[in-house]
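S.K.: Listed below, chain by chain, are the residues.
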Amino acid sequence: MNDQSPTSQARAPEAPEARPPARPEPSRLVRVLFEGGVGRNMGLVAVLVLLAVVGVVTAPRTFPTVSNLLTVLTSASIIGVLTVGVTFVIIGGGIDLSVGKVMALASVWATTVATQSFGALVMIFCALAVGVGAGLVNGVLIAYGRIVPFIATLAMLISAQGLAELISGRRSQIVTDPVIAAIASTRILGIPLLVYLFAVVIAVGWVVLNRTTFGRRTFAIGGNAEAARLAGVDVRRHTVLLYVVSGLCCGIAAIMIASLTTTGSSTHGTLYELDAIAAVIIGGTLLTGGRGTLVGSILGVLVFTVITNLFVLNNLAIEVQNIAKGAIIVVAVLIQARARRSSTT
Amino acid sequence: MNDQSPTSQARAPEAPEARPPARPEPSRLVRVLFEGGVGRNMGLVAVLVLLAVVGVVTAPRTFPTVSNLLTVLTSASIIGVLTVGVTFVIIGGGIDLSVGKVMALASVWATTVATQSFGALVMIFCALAVGVGAGLVNGVLIAYGRIVPFIATLAMLISAQGLAELISGRRSQIVTDPVIAAIASTRILGIPLLVYLFAVVIAVGWVVLNRTTFGRRTFAIGGNAEAARLAGVDVRRHTVLLYVVSGLCCGIAAIMIASLTTTGSSTHGTLYELDAIAAVIIGGTLLTGGRGTLVGSILGVLVFTVITNLFVLNNLAIEVQNIAKGAIIVVAVLIQARARRSSTT
Amino acid sequence: MRGIVKTFPGVRALDGVDLDVAAGEVHCLLGQNGAGKSTLIKVLAGAHRPDAGAITWAGAPVAFGSPHAADAAGIATIHQELDLVPGLSVAENVVLGHEPARLGFTRPRDAEKTARRLLARLGHPEIPPRRELGELSAAGQQIVGMARALARDARLIVMDEPSAVLDPEEVRNLFRVIRELTADGVAVVYISHRLEEIREIGDRVTVLKDGRTVARNLPARTTPTADVIRLMTGRALEYVFPPSTGPAGEVVLEVDGLGRAGEFADVAFTVRAGEVVGLAGLVGSGRSEILETIYGARRADTGGVRVRGRALPRGSVPAAVRAGLGLCPEERKTQALLLDEPVMRNVSLASLRRFARGGFLGGEAELADAGVVTAQLDVRPADPRRPARTLSGGNQQKVVLARWLLHGCTVLLLDEPTRGVDVGARSEIYALVRRLAGEGVAVVLVSSEVPEVLGLADRVLVVREGRIVHAGPAAELDEHRVLDLVMEGADMTADGLAGAGS
Amino acid sequence: TSNEAPSSGSGANVAAAAGDNATPGAPVTIGFSAPAADHGWIAAIANNAKAQAEQYPDVTFAPVNPTNDVAQQIAAVETLINQKVDALVILPNDGSQLTSLGRRAMDADIPVINLDRVFDSPLAYRTWIGGDNYGMGVSAGTYIGERLRAANVTNPVIGEVAGIDNLPLTQERSRGFSDALASYGFAVGPRQAADFTAQGGQRVTANLLQAAPKLDALWNHDDDQGIGVLAAVNQAGRTEFFMVGGAGSANAMRDIQADNTVLKATVTYSPTMASSAIALARLVAQNRGMGDLVEKEVPTSITLASATITRDNVADYLPLGFES
Ligand SMILES: Nc1ncnc2c1ncn2[C@@H]1O[C@H](COP(=O)(O)OP(=O)(O)OP(=O)(O)O)[C@@H](O)[C@H]1O
Ligand SMILES: Nc1ncnc2c1ncn2[C@@H]1O[C@H](COP(=O)(O)OP(=O)(O)OP(=O)(O)O)[C@@H](O)[C@H]1O
Ligand SMILES: [Mg+2]
Ligand SMILES: [Mg+2]
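Residue numbers (this note's numbering), protein chains in the order written: chain A, 1255 to 1599; chain B, 1255 to 1599; chain C, 6 to 507; chain D, 737 to 1060.
Next up, chain A with everything else stripped away, as it sits in the complex (with noise of 0.2 Å):
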């Protein structure tokens, strides 16, 4: 990609500063993409491409339709949110073992009768406000309290369920609002809202990642959070702040599924933690931290969401999903790290 090895001026002592950065320079659009990496999850592009082959081939009629196509995006949509979040607490270092049950208990609080008698905006903040809150019990225990991470969140799943239930009463609570059950069901030029809102997220959270000094510092306390504490990072504040990020992504992903499910439950979200964990990794982001993409998060989310409709669609019996699920993300981690491989080579 340059020709010049890091260690090739080693060999060119003289005329040092009469060398410019002789690179030409990619299109400025193709650059963002690559840097914020797509380049990097090619692997996974054609893991994505494999799969919608396989959907085409195998059920041709019901595959390959725009609605078929909505019905992938809107269920990838609150998982994907989730993962927004779980991708920059593992980038930073961390990992969140709670956003799936923080997002129930955001929901369950939200759609109390006496949430809702307030109104959507209410139901809107106390859900933010909720999963805020949990982020933040989550970011002082670890940076303050110097609990490892997963204890840290695992001890606030289990709490937050439990606290779910203890608020619900265990029952399954009915959205009456019509603004938030409408979320689910509003279309904008044919594209349902929920889409519009995961792309919406997604693109903050590029933006936030990538173009911003938080984001940048993200990367520097994950790869080396010593150094960064030694360039002036705030590293503990900044550790708060990612959980309060995650949290945050629970609190919309939890107005989305209570608008989507038109409940608030304490049983919503069981086991999304590893999925969106699982999507982190697939997408090519260390789980010790320091290096990753957002892209490759979403696009790790949309694989597993594409198998579950091909699966779907094929009508295959659970057990023989199960064993193949299996495969294919062996198969699909293989393909990743193959075409990442030669693609840095």
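Warning: the hint list may mix true and false statements.
Said to hold, decoys possible - Selected chain B positions facing chain D (Cβ under 7 Å, derived; list incomplete): (1) SER1329; (2) ALA1438; (3) ILE1442; (4) ASN1563; (5) LYS1579.
FYI, nobody ran anything at the bench for these hints, they're computed from the structure.
By construction, the Cβ of each residue, glycine as well, lies at the ideal position given by its N, Cα and C atoms.
Start from chain A and add chains B, C and D with the ligands according to the hints.
M.R.: Showing chains B, C and D with the ligands alone in chain A's frame:
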């Protein structure tokens, strides 16, 4: 092989051998125990004592009885055996999400009509073989396929679940073999056989981890895989073996759970992986590998089991259980961290 | 700085240290490994809080509670352990913590411009600011680290062993920049174990020993080397290379046509028992790769390696170790040490089989034998049960050597064995290498310090861009000749290195 | 259990179409969605539905991917609506959460047969058929109350091992149980929730038996988890109480028949309702009524009765028992 015995070199004349380790030696047993993890886990012991006090106060007639203690130990035994395997994997720098469902698969495979017709020995062999085989696949994917452990074992979790469902037809397979069925109800000197089994697995695991080259290399690989490789350790083969150890534990646990519930079922072991990993981490093992104690992991399992037992004895509702459980985990970890910090200074 | 005290669990790293630095001077900080140099500058940089003592900055007492505070006061630090983030780009590393931003949105172009300007100033306009830092060589990363410090327009720049991974040409560049800085009135604190560098660039010298200041503000150019060494080590030490121990034995290591695509090609040489062969070359010339390939840590594309006539399988470290090879790799911390494990276990790692009976360990032999070899190498502190992390750099290097001393090898491959090692330990390592050679071990030595290669090796191979361009007895070469060969005859003997060596 | 010798044709229960309704009508496609079977009862539901559909030459059976995730079930049923099936049989993971989906199907002129877990709005289904959870609790409570009263026990300790506590059905069963016991002047003692699995049943019961050193009776909501409950009871060597099961698995019935465990009765909650649901869906899609009823339409709601199976009548019910 080489003519210079290194020890002879080491005793070369000018060596200042007049420098013996000057620190007074504590008694050997005390030292072995401390080194083995009790010392570093005084915090967890304190948490257990605290829980016991709560038990004695809140359920004075039912908690402090021998039969209740044995119930706690029996409940702990299955997840405890899995935790032993997971401890090896995590200390070696990996993670194993598949243990719960590999155990389920092994339990199903060992209890099919065909297998049961060959009798108990074949059933036991079958369970162990399934566990070892799954571990082998995990290990090879990770060590030679270079798939990150999180993804490889997640794929195994999903596939094992599917395979278990396929084989069992999603039904509970009842254990008809009297020998297997008797394991859980046999008592020796009043103590259930399962508890002995648990103790044996812990003891063997402890010796292997702390007193063999295998264990030493496990720490080395988890601490710095590259350094271990350059020191001549066959890191990939060792990694495979680590997952095989974990798989073997799954096989043992499968026999235990088949006996305890008198069934083999694909529903066994759901979410056991999270509990096992949480116990390992609460026990002070670093999720990044290289450091940890088996004793800590076992104490972690006991903390979880005693919490559940206390809740049941006090007839608490499940939502209250969950909220409290999250908080107790956080407090336990804080106590443990504080105890460790003060013990090292 | 006055009376600085800093204790770590079990260690009193600083025990009343004084340091005065004047504007516009290069103040050198000397001391053995573990003397407390890095700890002192971490206190200065706000990374550690001192237990006692006072810091006066520009006439006013200050207490830096965080790196940020020191930074705001105008103190920039290049730490000994690279304080960079591998996953970020070069430019982002340069501006980390002070990203040019508007409303929180970064301005990558400004950052790249800054990085390009600073890298050019350091003589490296060709390092692409957008390249991911982790893809650069260690030397490249060190240069980015320096650019980072320059980015702050600091009034005091602290450099903790910046030259350890640099070759002579890079060091020359560094010195040029330091001179420019001091000319502008910037103060520089410079730490190095290479005394000839101190002599060239330093103005005043402060010497630390065991966490105490033993000499302050000595004139750097006129104080006799012997005095400095005595102050540091507490003993008179001759900074010379031990003599070669006579004729070599039969050929033990044969390397034949070894090559790896893109790294090196056609590497062929032999080493005899008792012979020390040195590989000289620039940083990035591929010497480490050659060693690692011989050792099986990288799989050769072409050629082969024979030990005592038996061919080694490609790409198998265990086979190489069984055949009697041992490697002390270039990066101690990432490639050699288990930092959290006791010294004893680091030492015994390659020899576990010896202490095991049927796979079971547990005898006291392991501790005892590890204790003997570490004592032999004078690893300090002497307790082999201490975690390796708490040892200073030089002592960590000795631990790695002790590993192979305990294991015993026919062929010892040493990659930069004295990087970051103080004079005392250095001479001990030299003596050890010589002694091993005398006992019949074949040694291959890679070093970026030409005098070291010339002084220690019987035969020198010069590597340039992955090829051996010269092979011959060390006695027939001098430093200028080697540098000529290394740099492809570039004219560089005239100015920068005139004062170097001795 | 799959390892038992195959009996009564894979254990699925089908109703033969009788009378007028036996004649094939217009060909119809019936979509079917249920939770993923991780449990004998749910497995029996799926099996029964499939077996019943195969009885009819005029029915094309279109089941979708069973799942335990509400969002996924919504997506799956949406594909059926997109395909414009003629009728839908839905056993929702959660009735409330799928109500809007039922509405959408009904609005698209696809009649919905709501199986067991009820939607919130009658507009979301054409007909509901399901079991009587409250009645099941009442049956269990009544049996225990009668038996204890007959034995002249005063202040009995009555334990309860519930299913997944989050489910409304569990809460209704418990309510029925305690209401029935209250009519005898008894109350529920130690109560713990398991998770419908043998393993959960064993774990919870092992601890619950510690909490209650002496028990008089125990109701376990579900015969699948009952295997584990019974295992825990046997392992503890406890025989001083009797136990009542729930749902009516063949395995539990065999234990009752053999009369060598503490299990003395079980109250039914029969998965045969799935067979009936398919039959109803066919009739609704073909605009037919139910043969024996005067009405020309299928009723909007059918509730199954919960029978109490004891040693006396177990032989009658054994063919209807599902394999756990
Ligand atoms: N984080 C730490 N924890 C415990 N001990 C430490 C720590 N950091 C340094 N030490 C100890 O403090 C002493 C001084 O270490 P320091 O790194 O300052 O030495 P140095 O002079 O920089 O040596 P070198 O030349 O090898 O870099 C050493 O004995 C070291 O083992
Ligand atoms: N991280 C890296 N990524 C890509 N290429 C690299 C990297 N590090 C080194 N190289 C390439 O490998 C070759 C040898 O590099 P290396 O710095 O290891 O050589 P060396 O002679 O051992 O130098 P040193 O003096 O540092 O030991 C060079 O061509 C260099 O460009
Ligand atoms: Mg230092
Ligand atoms: Mg090198």
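S.K.: Verify the interface restraint on ILE1442(B): the C-beta must sit less than 7 Å from at least one C-beta of chain D.
M.R.: 14 Å, violated
S.K.: Are ASN1563(B) and chain D close enough, Cβ to Cβ, to be under 7 Å, as the hint says?
M.R.: ASN1563(B) check passes; min Cβ-Cβ to chain D is 5 Å, inside 7 Å.
S.K.: Can the hint on ALA1438(B) be confirmed by a CB-to-CB distance to chain D that is less than 7 Å?
M.R.: 5 Å, holds
S.K.: Per the CB criterion, is SER1329(B) less than 7 Å away from chain D?
M.R.: Holds. Min distance 6 Å.
S.K.: Close enough to count: is the Cβ of LYS1579(B) nearer than 7 Å to one in chain D?
M.R.: Interface hint status for LYS1579(B): violated (14 Å vs cutoff 7 Å).
Consistency note: the structure conflicts with the earlier hints numbered 3 and 5.
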